[in-house]
Amino acid sequence: MPEWHTGSFFISQGKVNEMEKNARARILDKEGIERTLQRISHEIVEKNQGATNLAVIGIKTRGAVLAEKIAANIKAIEKKEVPLGAIDITLYRDDLTEIAKQPLVHATEINFDITGKRIILVDDVLYTGRTVRCALDELIDFGRPACIQLAVLIDRGHRELPIRPDYVGKNIPTAKEEQVEVRLEGTDGEEEVVILQ
Amino acid sequence: MQIIIKNGRIINPATKHDKVADILICEQNIVKISGEIKSKEAHIIDASGKIVSPGFIDLHAHLREPGREDKETIETGLISAVTGGFTSVCPMPNTQPACDNQAQVKFLLDKSAAIGLARILPVGAITKGRQGKEMTEMCELKEAGCLGVSDDGDSVEDPGVLKRAMEYASMAGLVVMVHCEDKKLASGGVMNEGYWSTILGLRPIPQEAESIIVERDIQLARRAGARLHIQHVSTRKSIEAIREAKRRGDRITAEATPHHFTLTDEDLKGYDTNMKVNPPLRSQDDVQAVKEAIADGTIDAIATDHAPHCESEKEKEFDFAPFGMIGFETALSLSVTELLEKGMIDWKGIIEKMSYNPARVIGYRGGNIAEGEPADITVIDPEKEWEYTREKIRSKSSNSPFIGRRMKAAVTDVIVGGQMVLTAGKIVRGR
Amino acid sequence: METRTAIKWTKKNLLGIEDLEAAEISAILEQAHSFKSVLERTIPKVPPLRGKTIVMLFCEPSTRTRASFELAAKRLSADTMNFATSTSSFLKGETLKDTARNIEAMKVDMIVIRHGCSGAPHFLSNCVNASVINAGDGMHEHPTQALLDVYTIKEKLGRIKELKVSIIGDIAHSRVARSNILALKKLGAEVTICGPKTLIPKDAEKMGVKVTYEISEALKDADAINILRIQRERQNEALLPSLREYASRFGITTEILRKYARKEVLIMHPGPINRGIEISQDVADSEFSVILDQVTNGVAVRMATLFLISMVK
Numbered sequence: 001m002p003e004w005h006t007g008s009f010f011i012s013q014g015k016v017n018e019m020e021k022n023a024r025a026r027i028l029d030k031e032g033i034e035r036t037l038q039r040i041s042h043e044i045v046e047k048n049q050g051a052t053n054l055a056v057i058g059i060k061t062r063g064a065v066l067a068e069k070i071a072a073n074i075k076a077i078e079k080k081e082v083p084l085g086a087i088d089i090t091l092y093r094d095d096l097t098e099i100a101k102q103p104l105v106h107a108t109e110i111n112f113d114i115t116g117k118r119i120i121l122v123d124d125v126l127y128t129g130r131t132v133r134c135a136l137d138e139l140i141d142f143g144r145p146a147c148i149q150l151a152v153l154i155d156r157g158h159r160e161l162p163i164r165p166d167y168v169g170k171n172i173p174t175a176k177e178e179q180v181e182v183r184l185e186g187t188d189g190e191e192e193v194v195i196l197q
Numbered sequence: 001m002q003i004i005i006k007n008g009r010i011i012n013p014a015t016k017h018d019k020v021a022d023i024l025i026c027e028q029n030i031v032k033i034s035g036e037i038k039s040k041e042a043h044i045i046d047a048s049g050k051i052v053s054p055g056f057i058d059l060h061a062h063l064r065e066p067g068r069e070d071k072e073t074i075e076t077g078l079i080s081a082v083t084g085g086f087t088s089v090c091p092m093p094n095t096q097p098a099c100d101n102q103a104q105v106k107f108l109l110d111k112s113a114a115i116g117l118a119r120i121l122p123v124g125a126i127t128k129g130r131q132g133k134e135m136t137e138m139c140e141l142k143e144a145g146c147l148g149v150s151d152d153g154d155s156v157e158d159p160g161v162l163k164r165a166m167e168y169a170s171m172a173g174l175v176v177m178v179h180c181e182d183k184k185l186a187s188g189g190v191m192n193e194g195y196w197s198t199i200l201g202l203r204p205i206p207q208e209a210e211s212i213i214v215e216r217d218i219q220l221a222r223r224a225g226a227r228l229h230i231q232h233v234s235t236r237k238s239i240e241a242i243r244e245a246k247r248r249g250d251r252i253t254a255e256a257t258p259h260h261f262t263l264t265d266e267d268l269k270g271y272d273t274n275m276k277v278n279p280p281l282r283s284q285d286d287v288q289a290v291k292e293a294i295a296d297g298t299i300d301a302i303a304t305d306h307a308p309h310c311e312s313e314k315e316k317e318f319d320f321a322p323f324g325m326i327g328f329e330t331a332l333s334l335s336v337t338e339l340l341e342k343g344m345i346d347w348k349g350i351i352e353k354m355s356y357n358p359a360r361v362i363g364y365r366g367g368n369i370a371e372g373e374p375a376d377i378t379v380i381d382p383e384k385e386w387e388y389t390r391e392k393i394r395s396k397s398s399n400s401p402f403i404g405r406r407m408k409a410a411v412t413d414v415i416v417g418g419q420m421v422l423t424a425g426k427i428v429r430g431r
Numbered sequence: 001m002e003t004r005t006a007i008k009w010t011k012k013n014l015l016g017i018e019d020l021e022a023a024e025i026s027a028i029l030e031q032a033h034s035f036k037s038v039l040e041r042t043i044p045k046v047p048p049l050r051g052k053t054i055v056m057l058f059c060e061p062s063t064r065t066r067a068s069f070e071l072a073a074k075r076l077s078a079d080t081m082n083f084a085t086s087t088s089s090f091l092k093g094e095t096l097k098d099t100a101r102n103i104e105a106m107k108v109d110m111i112v113i114r115h116g117c118s119g120a121p122h123f124l125s126n127c128v129n130a131s132v133i134n135a136g137d138g139m140h141e142h143p144t145q146a147l148l149d150v151y152t153i154k155e156k157l158g159r160i161k162e163l164k165v166s167i168i169g170d171i172a173h174s175r176v177a178r179s180n181i182l183a184l185k186k187l188g189a190e191v192t193i194c195g196p197k198t199l200i201p202k203d204a205e206k207m208g209v210k211v212t213y214e215i216s217e218a219l220k221d222a223d224a225i226n227i228l229r230i231q232r233e234r235q236n237e238a239l240l241p242s243l244r245e246y247a248s249r250f251g252i253t254t255e256i257l258r259k260y261a262r263k264e265v266l267i268m269h270p271g272p273i274n275r276g277i278e279i280s281q282d283v284a285d286s287e288f289s290v291i292l293d294q295v296t297n298g299v300a301v302r303m304a305t306l307f308l309i310s311m312v313k
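Quick mapping for you: the protein sequence lines, in order, are chains A, B and C.
Numbered per my numbering, the first sequence spans residues 1 to 197.
Numbered per my numbering, the second sequence spans residues 1 to 431.
Numbered per my numbering, the third sequence spans residues 1 to 313.
The reader is advised that the hints may include incorrect statements.
Claimed, not checked - No more than 27 Å apart at the CA atoms, straight line, and that leaves these computed lysine-lysine pairs for DSS-like: (1) Lys197(C) with Lys184(B); (2) Lys210(C) with Lys269(B); (3) Lys16(B) with Lys246(B); (4) Lys269(B) with Lys8(C); (5) Lys392(B) with Lys97(C); (6) Lys97(C) with Lys314(B); (7) Lys11(C) with Lys269(B).
No lab work stands behind these hints: they were computed from the structure.
Model the full assembly from the supplied sequences, consistent with the hints where possible.
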């Protein structure tokens, strides 16, 4: 398994070809994820000139886990607590009736007023953009934030909506048939990012 | 015209015969029963492997004419009856107007004679307009052809009126056929009282609504010296009362319907209004009691209580749908499935309950395959399996909960008064 | 971290608690919990039922249940339409079947029905393709009321299993009682029913409940009591000698509770309340009364029901 560096860059076509040979290729390991999140956290603080008025909201389930880590990072950097929330977008999905298995809708947990806040919306993989659209709609129902910025661990392309991330862990060009899976200790027991064919 | 029924197993309880033989029918009567009969001009019915029974007699049916010809007419009713193997039918007098005078009886007899399928054995009302107040002109009813009287659909509520009517009927030579229901105790109920009425939240009818009136009528009939026939018995308590009366030697008979020994109150789970009947479907224990009573002779006859209703009337909330289901075309098969195949009675038993005994109950010369007797005969294929479908129903109404059921045993041929009216399961008309 | 349990909801209709498995009841309760938090948002409305039309076919007078269903539907962004008539109007004139077909011709997705005849929702579900939700049928079932009742108990006491719940009043004529008994039994509670013998239905103990005619028995050790409304008609039907005698023998008052019940027993009532008859003023307004929580929870439970059913094609 090649050692991947943190930083936002494209995987060379050769590497992609090599990965295609395997059913499952690891893009990031535990340390890689941590370093990536560290960098994103720094970028967030840099861009927003500190942590004042910031709030981090993760999209359930894995985005919420990443949001927790980012919030902790920001606290470590700025020595300041930032409000943390989690959002379940199921009710806002545009393909709700097409889901074969009915998902159990979990509660959205935002226990602070988002009005006037600079919201960092966090998700694990950015793909079509539809999930983010749901999250934006739902956030607006909670109040009127000053701005919403999007942070994602993986951007795999193939956008179907005009949505662009503000902070990206890794850009991974993929084929539509491929699956990008982010596994996190809190939800999956191990911590890595893999591509499945 | 001559007809020979060849090689059938003739089961005739009247003469205790059960053997394979040929029957020669000439004009209206059975002329000869013998090992082998040959005739060139006779029409041959091959009854090999089949059972030849005296024609079935239904003590309890509703033909709805006059008044509710949208549900059934005498003609469609008799077509349905013949399809089910019945050669004689007792239509209940709860028509509109009620059959409570000789003109009404004459109407029934004339109409059925013109139709020429099954015979009608008329039953007149006990009280004028079935109002439970004044008794009918029973001597004239008898003269017009009635064999019994009944206010079916209701009990005669006033015991004084009923006692006098019973006395009068016994003088006129009429059987008093009683529907036993205390309407006050039933208090607008729609199903049997018990666990299932509790679960389904349907207004209950306690079993005593029937059995109390059964006991009352037995006592009144004994006092009046009347011939009493208890209609559609459905509870263990009623059966115990009848058994006790018979043991004492009372002149009492009783009938039960196929649905009361086939279905239970639990079957109402889906709120199928075609299962809404009066008396209501009872508990498993009552169903068992009915079967045992048929087997031990406490219940003499199987009667259909064929009660046609329009689809639009049954396609309603359970509370609003009328009581009753059709029954001519399923009576034999349900009896075979529930009684014969469960070992309660044999073929002789079935024929006794559907032909021989009903004739005795109503005092009619029939239910007997013997030389010189009228040729009313039903031929049964005992092994045939078939599915009861909506398309097969010959009644004008199709309010049956048995649609879609696999059935055992089928009526193939029916002869009434020496005329073929059903052949290979199809109605034959015109002489 | 909560685990995302994907439940398989397959019921197209909600006709009664009888048709539900314990897991399905739990799924509705869990779903209701999420919806309850939606109701607390600045904008208490979510979009999953956008474009769906829900008809409230109420053939019996009802203010609360209809309002609750209507609000639940609107919180989910469905369009609602009211169709009020009387049960007896179906006896003559247009039948329920015709009415249902007419409503369906307007392209509706769900019909919420309240009807005076037991089994009417079953009948309706056989006439139409739309989903049918029973909002109370005759003396049969009132499934969403039972769901909101068990939700409320679970919310207040943390569980249902092995709790002792007593239902007091006119059990025979109560769809609330039937649905509650079924739901509570399925979730493992011990149920006692209590009322005058004339208002206890035949073979009730076969439902797995304890039957008593003594209020002291019903209150002893009970974790929750559900007090049913007593209808004035029962006196005219000769099922009760008088409401006065009912109140003195079965009415829940502070004194009775102090004498026989645990201090913190949960007081429930499906409403509308006859104060001074089945429940005294002070009990209805006491700190252990959850009557208003039941109303709030009713909206969340009905949202959960409508949402899950809308997912089934």
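request  = Hints the structure violates: just list their numbers, smallest first.
outcome  = Per hint list: zero violations.
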